[in-house]
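With the hints in hand, could you dock these two chains into one complex?
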Amino acid sequence: MLDIARRFRVDNISPLDITEEILQGIKQDPLNAYITVDETGARNAAKEAEEEIRQGSDNLLLGVPVAIKDNICTKGVSTTCASNILSNFVPTYDAHVVEKLKNSGVVIVGKTNMDEFAMGSTTTTSKIGPTKNPWDITKTPGGSSGGSAAAVAADLCAASLGSDTGGSIRQPASFCGITGLKPTYGSVSRFGLVAFASSLDQIGPMARSARDVAILYNAVKGYDPKDSTSVAMKYQPTSLDGLDMRGIRVGVPGAFFGEGLSTDVEKAVKDGISVFKELGAEIVDIDLAYIRYGVAVYYIVATAEASSNLARYDGVRYGLRGNNADDLIDMYIDTRSSGFNIEVKRRIMLGTYGLSAGYYDQYYRKASQVRTLIIQDFAKAFEVCDIIIGPTTPTPAFGLYEMIDDPLSLYLLDIYTIPANLTGLPALSIPCGFTKEGLPIGMQLMAPAFREDILLGAGISFQDHTRFHEKRPQWNMM
Amino acid sequence: MEYDVIIGLEVHAQLLTETKIFCSCSTIFGDKPNTNTCPVCIGMPGVLPVLNKKVVDFGIKLGLATNCHISKTNIFARKNYFYPDLPKGYQITQYENPLCEHGFLDINVDNTVKRIGITRIHMEEDAGKLIHDLKSHRSLIDFNRAGVPLLEIVSEPDIRSTAEAYSYLMELRQLLVYLEICDGNMEQGSFRCDANVSVRPKGSVSFGIRTELKNMNSFRHVQRALDYEINRHIGIIESGGNVLPETMLWDAVSNTTQPMRTKEESHDYRYFPEPDLIPVVVDDAWIEEIEKRLPELPRDKRARFVNVYGLPEYDAEVLTQSRSVADYFEQCVSLLNSPKEISNWIMTEVLRVLKEGSEDIKTLKVTPEMLVSMIRLINDGTISGKIAKDIFEEMATTGRSPELIVKEKGLVQITDEDILKDIVREIIENNPKEVDVYKKGKVQLLGFFVGQVMNATKGKANPRLTNKIIREMLKQ
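Read top to bottom, the protein sequences are chains P and V.
Going left to right, the first sequence walks through residues 1 to 478 as the numbering used here numbers them.
Going left to right, the second sequence walks through residues 1 to 476 as the numbering used here numbers them.
What the hints contain is simulated information worked out from the structure, not anything from laboratory work.
Do not rely on the hints blindly, as some may be mistaken.
What the hints assert, rightly or not - One-sided excerpt, in silico: chain P residues whose CB lies under 7 angstroms from chain V:
1. F191
2. G192
3. S308
Said to hold, decoys possible - Just so you have them, the derived chain V footprint on chain P, three or more residues with Cβ under 8 angstroms:
4. 78-86
5. 126-132
6. 194-208
7. 314-322
No experiment lies behind these values; they were computed from the predicted model shown.
A virtual CB, placed ideally from N, CA and C, is assigned to each residue, including glycine.
Pulled out of the complex, with its shape left as it was, chain V reads as follows (with noise of 0.2 angstroms):
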């Protein structure tokens, strides 16, 4: 039998605010345990918490990215359970009025656009990190964690193979980059995505018995959680079973899920309106101000690449991955208007540089300037194109112009006929078998001479004079 499947994603983006959501404290990643912490976010008793505007502002800017209803009057509410990583004993999110419903999200699935609904988006608190030391028998808590905005943005159950997930994932996370408000790094936990899965027979309206997913720390494995996910379900109704709706944790060890411990999962939250806080009014001016300051998002920049510049889908793509990225090109361009080029540059040599070192575009050492003088070099012929591989190459490390470089290094392209013939002349003398092979007719042969040519002249022979001047005197 045939089947469809239902997947909804649930995703918390830690944001990049400089201080908690209800306290002043760093959100820095990585610091000494439980030195980002005050009486507030360990919930001291007494203390109470003051909502961070920032967090508004990047809840905002995610809603009008998502084409989202901004809510107008925002309660927070108290989520309540123990565990030891929470300190209050609640949790501060949203429960009834989330800031942003109603939304959507376009994704590319095989070359053609699917839309998939964005339920809600709402503002929360991030719990501390449990550290479980194994030869002590001991449980240790970090709270640097604990009280770090997150948005929780929950899909509609729109998603209907793994691939149509990954999709999504990769178009959310790179709008919140491009937002700047999450760094999106899904290892470090500032992405972090759980998913509802179920099947049902093909054609079937009504929905299966769905499982929620948890633990899937990269994209891989939210790819292959899912897959197994799926075939489990499958064959458990193909068997005749029926599937539990329980919450399932990613074993990345063994690549299985396994069922989390009912304990652990029967909470009743009791939710009710956060008393300490009161409800955050989001006027119409507030709306228009973050709409005003809201970047061209990735969609649309996309979009613009094609039909602006005539790049393929292909390039705007890889271009427009990053904001950074689409600003160098865009740099580039404005200097010099040759954007396939430019492009090509950019993908194969600034991207490889950039995958290979730590380094950001920012602080890359070869400036759009230095990439555009080095393509005029090519264009005046100045330089050949292997040659200017050399030249990029040295400019990522050293920062130098590559006017300054070809200079330096006498990387001049060697055009000059007659010293180009007194080469080959050369060639042909000391290599007779070859010459006469080729004379035979094996003129697959040419690319051992132009190779003895570039040899000959450290790569700075006009490689298309080169061809020429070989045939014309192989000829003969």
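Chain P extracted, bound-state conformation (with noise of 0.2 angstroms):
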């Protein structure tokens, strides 16, 4: 991002050239990063960059294409949660996130891929087929957000926004080698983003380069009053310097390196903690109880939600409407049967489940309380350390269709990013080494609520200090 800035101004490189450059490399993917490209809306938008930047405008953000994840709103243009219930739903409305951008005059290139309403870690269950992760096409580009972050992996963008409701943005960013941040619950409006799990839902910037991702967030943080979640106060625009790292405290928990861990993802993520120590940090040892429980508390708190959420889709007012049907329950059936995919249906079903009568209290409120000690355990971690690094992922990107039929163990492999939603608080994928076979791997740091400072601050002086984020995948040659 802050290299094609730097083109349009250095190398008076146009924005339409870029723009046409990349809709270019859309038509030729091989990898399915997209559902939907706006070609008008991104010639449109980089005429209008290019007269500013001609003008001298130095807004970094002018000109740059950047792609949206399908869950989130973009008026006129059809968003479709890569969901057949929703293949011809056109909003009549931006997304908070959306308008922000188009009035800092990024250019819109398109919607990425997911997996449908976001229910997934693999990119695999859309409706339009699985992305393919740029690295190595026979595997994961990781998911909900596998679009977003392998079209930047790729260059069919610069950057990109994606969600996160436990871990959609930093699992693709870790498996396709990319920066991904999940803001702090309440500093993105999720005003335009189709809730999946409204409490552990964020939007957040995807992009190579901390840095890049700074200026996106800078760009799409702050109050929203159509989003009663979030948070009214100042917001500072995060800083591009790189932190100082003489005298944080880094803590690492001794949980996030058990049983599970691959070997190549322990072996680089320890030695990009010492990185850190090198460039001055103190490392200390923290206890998190209670992230033990993380997976199972928010697959019962997510689903409930999810269920919840997803009941909007019915045939009634929008969307798919089932019409093997002689009256009004059947209409629901038919709908919603032939709507959503399996994975999807299966958290509809848990999520009620944990709901019903008799069995609420045993489920979705034992899960809260939970919650709320989980909550309880980053406070006092946070008081011991600044920042709170381990891996995002217990393993690289994995076979495309590999963990198909085996739904709990594909759960049980958010267990490092799901803390980040269930507490609200900030965290941070960024690149920190490969495998043997050549795949990345990513590292996550964690701070205190509202201090995406501390960490971007981190990831930029780490990426100032190591290349890893500045290598390419040779997907084109594949």
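Structure follows, in structure tokens:
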């Protein structure tokens, strides 16, 4: 993103040229990163950006090609959540973040592929088929924001927006060798984000470098009265300078280095922590006792909210309507049976069960109570450290359909990313190495609420001293 | 056997806020279908609710007026069920921690005061309206009502008869209207009532099986439906059967209650806290602010009208039926300290005109000043009470002052004895037969002579004087 901004001004390249280049690239894309491409909108925005750059604007976002995950509403451009049930849905409104990006002059090139309704971590459950990992097209790019991650990694956009409910920005960022931020809950408006689990969902930026992520984060964050959970406070722009790591206490939770962690990932992350140590950080061991319940809590809370959030897709007002019906109940059944995929149905069933009379106390209420304990766990941990570092995922990218028949094992792989959503804390995934096979590995940084400045500052400092984020997949040759 | 009747009422009051509870659409009734809608109230993907704080204001108002405890932390909850008029597949309502709890409302039954407990009052959104087109076999939905704010007011099962239920509803509706938070219109659905009914043998302490009663669209329906349902329960019990715990719909055509299909009532609503809204914290300052602006409540006003103005209970009851009528009365009294006289005029003429026309007392052409001037004209003998009625009518249609009407139409009372004697003399001369009968002792004929005088004077003769003169002259 920063280099494109430089090329516009130093090399006199036009945003229109870059846009054409991107649109061409998308046309030949073997990864299936996009669901919808908005050629006209992109060209129009590029033209306007060109004019402003010519007039000398130093706005770094001007003319930069950005991709938006397909669960973020774009006025006049179809927003499907990769689902049959919304395949014909065109919003009449922009998400708050889209409005902000448009105002800042970016070129929105299109809508990226994802797991249907953001439920999944492989981008294989989309109605248009899977997105492939640009580092190895037999592997998953991760998910659910797999399209947004792959598009950045494969230079099919300069940066993108994803959404993260249990790791959906960080895990694909890690699998695709890019940087992704799950901001503090409430710092980015959810207005226009098609809800999966309202108390966990956050929109966040994805890009190659932490600096680019910071620029995009600065553009989308802020209070929005249309989202009641948006936090009303003064948001300072996050600095693009690195954070002086001297004296910074880096907490390393033992629980993040337990059973199931691949040796490649463990080594790369520990090496990454050493980089911070060399930069002057103090490493402290911390204890996060309750995070072992994180996955269980998450799949109760997230599915409960999802079962309610997805009730509106009933075929009555918009989207797919099942015609194979004689009465109202049949219409509901037909619409929802043919509109949702098996994973979405599984989660609606789970969530409905967890909220049912007689089970609520046992599941939803208990999960909410444990969630509070996890929040307290982190609050305590941040008394002795400024930042918590661990792996983003236990393994690097796996085969596209490797886990398709084993949803439970797949859920368990969310173990490191889920706590940030349950607690609302910000978390950043940055590239920190590669496996022997050349697949990228991500490292997760977590900070106290609204301390994205620490996360991004540390990420920038790390990337000023490493080159992992600069390496590009050779996917064009495959 | 004798039975105790146990009734609890659930009232849904549509609030008079300008905009809906979670979006800025208008709440106006009767607009073209689906014109007051937006992505939020029709449940489009990705949109979010934002609470209209006015709804909380209104809820606190009613809570204070019904002596409730106001909850400091209010969370909204989702009530999940599928129905085409429910855009999101859930209704945003309150479940645990309602805004108001543990209150009461005093009602009058047979001249005694009875206290009915208020279990809870909570805020929620209304659903849309389904319209079934029988000709085309289609159902259409109007979402104008979707998201209109409601207060649900749940009473304790303290009500023991249909009469008490009626009195409770009247009292509650009057309160809502006084507080200016609901227009109380049952026919338009802005004041809706469901009932829980059970009976038990007199003296029994445990409750009988209750049924829920819905679809009562007027006060009369509520009375009939309750009476019917109570008798149905007793009938079942006396014939040795068991009342089923089901939901009954009042059918106003057959005047019976019919069970709702079980498919529609067997809901598990799966309530859980609404994650799209943050808790609403009601602090003392907020409550005090509302309390300061609370108007005098109907019961207090009624008592004051009796104590301060010396009005009979009945007058106080009628005059305080509506806040604006009570205000009108007090404006009159402030101009002329003659409360009973003013009350009489309002209860008869003013309320009659209001009832006949669609007019509101605020737009009534007869202002308090005019009514008082008219009463003054009666009191100083300028006009008779009978003429005054005509003058009132004239004021109500033209809005002209009573003095002007009296002057223009020459309605000044005839109090000159000589003029009246001349008229009476003439009448005596023209009606020898009647005079004869009267003198033989049929004094009831006095009315006949008075009537003749009134005819001759177009009602302007002073009645008292006329009576006196006729009696005197017929003695001669």
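Okay, the hints, checked on the actual structure:
Because the closest C-beta pair between F191 (chain P) and chain V is about 5 angstroms apart, less than 7 angstroms, the hint holds. For G192 (chain P), the suggested interface contact is upheld, since its CB lies about 5 angstroms from the closest CB of chain V, less than 7 angstroms. Taking 7 angstroms as the C-beta contact cut-off toward chain V, the hint placing S308 (chain P) at the interface holds, the least distance being around 5 angstroms. Given as covered by chain V, the stretch 78-86 of chain P passes the check, having 3 residues with a CB less than 8 angstroms from a CB of that chain where 3 are the minimum.
For the stretch 126-132 of chain P, the stated coverage by chain V is not satisfied: 0 residues place a CB nearer than 8 angstroms to a CB of that chain, which falls below the threshold of 3. Evaluation of the coverage hint for the stretch 194-208 of chain P: fulfilled, as 5 residues show C-beta separations to chain V shorter than 8 angstroms, against a requirement of three. Counting residues of the stretch 314-322 of chain P whose beta carbon lies closer than 8 angstroms to any beta carbon of chain V gives 4, which meets the minimum of three for the stated coverage.
The structure fails to meet hint 5 from the earlier list, while all remaining hints are met.
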